[in-house]
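**Student:** Letter by letter, the chains look like this.
There are 2 protein chains.
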Amino acid sequence: MDYDRYDRIRAVQWQGDHLRLLDQRLLPQQERWIDCANAAQVTQAIKDLAVRGAPAIGIAAAWGVALAAKQGESLDAALSMLRAARPTAVNLMWALDRMMARIAAGADAAALEHEAKAIQDEDLLANRHMGQLGASLIAPHSGVLTHCNTGSLATAGYGTALGVIRAGVAAGRIEQVFAGETRPWQQGARLTMWELVRDGIPAKLIADSAASHLMKSGVIQWVIVGADRIAANGDTANKIGTYQLAIAARHHGVKFMVVAPSSTVDMATATGDDIEIELRDPAELLAVAGQRTVVEGADAWNPVFDVTPAELIDAIVTERGVIERPNAGVMQLMFLA
Amino acid sequence: MDYDRYDRIRAVQWQGDHLRLLDQRLLPQQERWIDCANAAQVTQAIKDLAVRGAPAIGIAAAWGVALAAKQGESLDAALSMLRAARPTAVNLMWALDRMMARIAAGADAAALEHEAKAIQDEDLLANRHMGQLGASLIAPHSGVLTHCNTGSLATAGYGTALGVIRAGVAAGRIEQVFAGETRPWQQGARLTMWELVRDGIPAKLIADSAASHLMKSGVIQWVIVGADRIAANGDTANKIGTYQLAIAARHHGVKFMVVAPSSTVDMATATGDDIEIELRDPAELLAVAGQRTVVEGADAWNPVFDVTPAELIDAIVTERGVIERPNAGVMQLMFLA
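Order-wise, the sequence lines are chains A and B.
Okay, so the first sequence: first residue is 690 according to the numbering used here, each after it adds one.
Okay, so the second sequence: first residue is 690 according to the numbering used here, each after it adds one.
Same shape as in the complex, but just chain A (with noise of 0.2 Å):
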């Protein structure tokens, strides 16, 4: 397999003194990098959404505790701060949870600087992996629609379901890549078409709402996106659009599949109403690339996730392996056992 082909981008680079970050916000007009050296500018990169995408949060995050670690900065600190960056990615507690054993097992700076690294390196190695396995559901000469941004910028490398389309265009299975534009923050339009364009994998750009258009044509076998948080029972909390997409899909009989490292399972979360949905400021609607495109007075509601049920998704991609109409028994079977 010949991964390399479609897999050129690396948004998270530790550089031995500090982590340096693909500024996401710029995208795709500047390609400019953020240095942190310290917790707080990492926290601060989390927070500005700098660094964005579940797996890359956590990642980050992680290092931000590294680099804590080496400033000789307060652990405690570092980790409740980390830890408050982003309320609904669990990627992030389960990056700083780990950490946070390694402290409590007495690791010292070098020992925490090796464990972001192993984080970040399992994280790729799990996107492959996963790439695989979702690629292995889809018939050829397929074609797929995706949401927001799941791939190398969203995680160590290569993307959750963002990889599974590199995977299946790289064995010849995928043959249409369609993008939603995810407003209001245009993750689709800005990042992932940009990913797409720089490794080569001809795609085409949606607006969100053109989604069930496009399935009744009969274009697309696939809906195949991330997740920020995936309940015990298998319903997932992902960027706000994803459950309409699902809805769509299955009135079409297109088919969903979610795709995320086994890390953004959260088993503690029983269902997907128990899982608390982030609200942001309507500013982000009221206003496009900083001009204001609605009238002074408007109100707008925000909320950036959504919850998508399980009995609406036809597999999950863990690096576990996959589960075809997920529910908390089959969900136990994978991630209790």
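For the record, the hints were derived by calculation from the structure and aren't laboratory data.
Using 30 Å as the maximum straight-line C-alpha spacing, the simulated DSS-like pairs for lysine-lysine come out as follows:
hint, chain 1, residue 1, chain 2, residue 2
1, A, Lys759, A, Lys736
2, B, Lys905, A, Lys905
3, A, Lys736, B, Lys905
4, A, Lys905, B, Lys736
5, B, Lys806, B, Lys736
6, B, Lys736, B, Lys759
7, B, Lys944, A, Lys905
8, B, Lys905, B, Lys944
9, B, Lys806, B, Lys759
10, A, Lys759, A, Lys806
11, A, Lys736, A, Lys806
Guided by the hints, dock chain B onto chain A, whose structure is given.
**Tutor:** Using the frame of chain A, we list chain B on its own:
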């Protein structure tokens, strides 16, 4: 009924010797008027989307014919030029057919001016009547979601779907109004929110992809939209995203209402499959507010309408009455009788 309270906007204004059009491309940032002194200028305004909304396009085109007569221009040339300005909107054809019938009957310039005025006046009356009919279907304390712009800007005044919302708010039946932003042209964000704020109707903007999450929350009972063309079986072509809303509404038990003047009904088009869907320039998705937001080299698929099948529509409201659960049989009873 105090119509005026929520109805202060007129975007198509006859000035005795020319037509004034509120340039909808510049709203809400600027309120600039375009003066059209001949049919070619009206055609250009329709082509450029300075005037938009199926009924408003028809009205403007009728005034274009009246202007041609006033200026002593060729009426045949004016008719065919105006007819070619937009392919999907059937009201355009309907209004021009009506003007053509008057020309065939030997009408002079004054009579054609009178006919254009009649088309405009009848549209306003039809909208107010539809507003009453549609609002009567809505239970007290309801929330509603609309898409695109179907208000005063899109018609002679008051609006179709937005007219039902105006009437429902005035009658105290509608308590919460949500508007989808309607990518890529942002008619909901730019125009509908402008109208609602202007007319003092409290409303919230949502991302198009947040509609299903909103429906799941139980806040809305109806989706209310306009139409660009209604086929003989009730299938309805409307702004891209309408079909997706209809699928989501049915999934959640939310009712779906289409509001349009009977001139939008095209009994010569058997079903939605026979409706030509306008594909517009991919550039509309690749830039926002004049700024390129997507990487160079990226492609996009940009259909601007879709078709909602009649079986997903709970009610079609025209000025002739309400059709519940539309199908070819009941459509024929109302529109071929």
